[in-house]
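Chains as they are written, first to last, in the numbering used here: chain A, 1218 to 1462; chain B, 24 to 258.
Just to be clear, a hint being listed does not mean it is correct.
[To be verified] Rough simulated footprint, nothing fancy, chain B against chain A, three-plus residues with beta-carbon under 8 Å:
1) 1241 to 1252
2) 1269 to 1281
3) 1293 to 1302
[To be verified] In silico DSS-like cross-links for lysine-lysine, where the CA-CA straight-line distance does not exceed 30 Å:
4) B:Lys230 - A:Lys1276
5) B:Lys114 - A:Lys1423
6) B:Lys181 - A:Lys1423
7) A:Lys1404 - A:Lys1341
8) B:Lys142 - A:Lys1355
9) B:Lys186 - A:Lys1443
10) A:Lys1276 - B:Lys142
11) A:Lys1282 - B:Lys142
12) B:Lys114 - A:Lys1276
13) A:Lys1282 - B:Lys114
14) B:Lys181 - A:Lys1325
15) A:Lys1282 - B:Lys181
16) A:Lys1423 - B:Lys230
17) A:Lys1282 - A:Lys1404
18) A:Lys1408 - A:Lys1359
19) A:Lys1443 - B:Lys181
20) B:Lys186 - A:Lys1286
21) A:Lys1282 - B:Lys128
22) B:Lys128 - A:Lys1341
[To be verified] Sample of chain B residues at the chain A side, in silico, Cβ under 10 Å:
23) Tyr125
24) Ala150
25) Ile151
26) Leu153
27) Gly154
28) Gly155
29) Ile158
30) Ser167
31) Ser170
32) Tyr173
33) Ala202
These are calculated hints, taken from the structure and not from any lab test. Here a beta-carbon is modelled for each residue, glycine too, at the ideal position from N, C-alpha and C.
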Amino acid sequence: MNFMALKQPENSLLGSESDSQRTLYPYVTGTSVAALKYKDGILMAADMGGSYGSTLRYKSVERMKPFGKHSLLGASGEISDFQEILHYLDELILYDNMWDDGNSLGPKEVHNYLTRVMYNRRNKFNPLWNSLVLGGVKNGNKYLGTVSMIGVNFEDNHVATGFGNHLARPILRQEWHENLSFEDGVKLLEKCMHVLLYRDRSAVNKLQIAKITKEGVTIHQPYSLKTYWEVSAFENPAQGAIGSW
Amino acid sequence: MDLEMNLNASHSMGTTIIGVTYNGGVVLGADSRTSTGMYVANRASDKITQLTDNVYVCRSGSAADSQIVSDYIRYFLHQHTIQLGQSATSKVAANLIRLLSYNNKNMLETGLIVGGWDKYEGGKIYAIPLGGTLIEQPFAIGGSGSSYLYGFFDQAWKEGMTKDEAEQFVVKAVSLAIARDGASGGVVRTVIINSEGVTRNFYPSDKLQLWHEELEPQNSLLDLLNSSSPEPMNI
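Whole structure, please, built from the sequences with the hints as guidance.
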């Protein structure tokens, strides 16, 4: 064995490679999550796909999970890291309940906690490879925020992760308004999910929509969207230029 | 052209592994090839490893990594069983494996399928791919040979098969993967786990059906020549 090859350069800022862990790349990933505020609370949508590189390997992955009384967390990125975050949150909620003081962590506080977790992991070059969407309603106040794997966090009336940022946010910017009804909110999210289904290679046609209101969290049953292909231009696209696409 | 065999390459179990639930338990299946680069280091390996009396795991990826992970979990489960006073559940075994796989994700290269039967939940299959995601499924496939089986399972899998149907299905699937994946081969091993216990089965290649472009194995050309005189062609 060539021991010279194992020697670290003396001026390395990375520290010893052997004792630090770093997530280099994700394995099983989820794609976009989209969410918006509506009249009674928050609506969030995500498909149920877990991709393994280019293979659409798992098709029943729940990428949105409720926790506490008031909040819902949706994630894209590495599923194992999302499962770990859920463990951290379970612990957080448990300790919060043990105070037994009548107060419970609201979505804004949980968002802050997650931001700290994500940013500190990023500083250690060992990120949790996720983009998170955190929504909730507490005391009548609607909250919707997002945190990325490098710790970028903000709240807004509508958020999306991954491809959703490029495909869904423009639609939401154009068509979102204050006090959307439940039906209009669902239709708007479905419009976004449609575009993602057409244009995102890792999208899977099996999605869930979740709703959070002051009554609590409901995650609706999985369903598929009809897609539209009867565009006359699709029938014979190479007619005017044989060999083109 | 690469004429040198890399005999110092790590032992990787290219592999095809499958776990399937049926109405009464689970059936686990695997091929038996372990390769060191291009050389087949072991042509009759046993990739379905026992963790407890009622929980087994199918191993794929690095042979060393999967063996050490299953050894640790067997050790933990043994202690857990003593403390608990009854057999461990397949869910506990799967979660322990997830912990090791997730927390050592930078060092390990192994995908596992856990299958078992317990009195609380009956037969269950859990997949733990690279990265340490834990996912419970009615069936799971893994290893390099599984790429060739996604279409087959999408078309032919159904819920609530009988024990024999499920086992035949698993044997067929592993055999199909072996036909196309260079890293899978050898024999098909199955393990059936249900309330009555565990049954191990072994299917050498001559017991399997032939697929496209495969010919009936012979002892020698001479047998073919001697068996029948050549028939005249019908022109």
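Here's how the hints hold up against the structure:
1. With 4 residues having a Cβ less than 8 Å from any Cβ of chain B, the stretch 1241 to 1252 of chain A passes the three-residue criterion, so the hint holds.
2. Remark: the stretch 1269 to 1281 of chain A is confirmed as covered by chain B, as 6 of its residues place a Cβ nearer than 8 Å to a Cβ of that chain, reaching the required three.
3. Under the rule that three or more residues need a Cβ within less than 8 Å of chain B, the assignment of the stretch 1293 to 1302 of chain A holds, with 5 such residues.
4. Of the supplied pair hints, the one linking Lys230 (chain B) and Lys1276 (chain A) is violated, its CA atoms being roughly 34 Å apart against a limit of 30 Å.
5. Between Lys114 (chain B) and Lys1423 (chain A), the direct Cα distance comes to roughly 26 Å. Compliance with the 30 Å bound is thereby established for this hinted pair.
6. In summary, the hint linking Lys181 (chain B) to Lys1423 (chain A) is supported, as the alpha carbons are separated by about 19 Å, within the 30 Å threshold.
7. Simply put, Lys1404 (chain A) and Lys1341 (chain A) have alpha-carbon atoms about 41 Å apart, too far for the 30 Å limit, and the pair is violated.
8. For the suggested pair Lys142 (chain B) and Lys1355 (chain A), the alpha carbons sit about 41 Å apart, so the restraint of at most 30 Å is broken.
9. The straight-line distance between the Cα atoms of Lys186 (chain B) and Lys1443 (chain A) is roughly 37 Å, outside the 30 Å bound, and the hint therefore fails.
10. For the suggested pair Lys1276 (chain A) and Lys142 (chain B), the alpha carbons sit about 28 Å apart, so the restraint of at most 30 Å is met.
11. Between Lys1282 (chain A) and Lys142 (chain B), the direct Cα distance comes to roughly 28 Å. Compliance with the 30 Å bound is thereby established for this hinted pair.
12. Under the criterion of a C-alpha separation no larger than 30 Å, the hint pairing Lys114 (chain B) with Lys1276 (chain A) is consistent with the structure, at around 21 Å.
13. This hinted pair checks out: Lys1282 (chain A) and Lys114 (chain B) have alpha carbons roughly 20 Å apart, not beyond 30 Å.
14. Taking the CA atoms of Lys181 (chain B) and Lys1325 (chain A), the gap is about 45 Å. The hint is violated against a cut of 30 Å.
15. Our distance criterion of 30 Å between C-alpha atoms is met by Lys1282 (chain A) and Lys181 (chain B), whose separation comes to about 28 Å.
16. Only pairs whose Cα atoms come within 30 Å are accepted, and Lys1423 (chain A) paired with Lys230 (chain B) is rejected, the gap being roughly 40 Å.
17. For a cut-off of 30 Å, the pair hint linking Lys1282 (chain A) to Lys1404 (chain A) stands: about 22 Å separates their Cα positions.
18. Distance restraint check for Lys1408 (chain A) and Lys1359 (chain A): the Cα-Cα separation of roughly 23 Å lies within the 30 Å cut-off, and the hinted pair is therefore satisfied.
19. Taking the CA atoms of Lys1443 (chain A) and Lys181 (chain B), the gap is near 25 Å; set against the 30 Å cutoff, the hint holds.
20. Only pairs whose Cα atoms come within 30 Å are accepted, and Lys186 (chain B) paired with Lys1286 (chain A) is rejected, the gap being roughly 43 Å.
21. The straight-line distance between the Cα atoms of Lys1282 (chain A) and Lys128 (chain B) is roughly 24 Å, inside the 30 Å bound, and the hint therefore holds.
22. Simply put, Lys128 (chain B) and Lys1341 (chain A) have alpha-carbon atoms about 16 Å apart, close enough for the 30 Å limit, and the pair holds.
23. The beta carbon of Tyr125 (chain B) comes within 5 Å of a beta carbon in chain A, closer than 10 Å, and the hint placing it at the interface holds.
24. Taken as an interface hint, Ala150 (chain B) checks out: its beta carbon lies about 8 Å from the nearest beta carbon of chain A, inside 10 Å.
25. Hint on Ile151 (chain B) holds. Least Cβ distance to chain A is approximately 9 Å, under the 10 Å limit.
26. Restraint check, Leu153 (chain B) versus chain A: the minimum CB separation of about 4 Å is within 10 Å; hint holds.
27. Given hint, Gly154 (chain B) at the interface with chain A, holds; its Cβ is 3 Å from that chain's nearest Cβ, closer than 10 Å.
28. About 4 Å separates the beta-carbon of Gly155 (chain B) from the nearest beta-carbon of chain A, less than 10 Å, and the hint is met.
29. Taken as an interface hint, Ile158 (chain B) checks out: its beta carbon lies about 6 Å from the nearest beta carbon of chain A, inside 10 Å.
30. For Ser167 (chain B), the interface hint is violated, the least distance from its beta-carbon to any beta-carbon of chain A being 12 Å, above 10 Å.
31. At a threshold of 10 Å, the smallest CB-CB gap from Ser170 (chain B) to chain A is about 7 Å, leaving the interface hint in force.
32. For the restraint placing Tyr173 (chain B) at the interface with chain A, the shortest Cβ-Cβ distance is roughly 7 Å, inside the 10 Å limit, so the hint holds.
33. At its closest, the beta carbon of Ala202 (chain B) sits 20 Å from a beta carbon of chain A; the interface hint therefore is violated under the 10 Å criterion.
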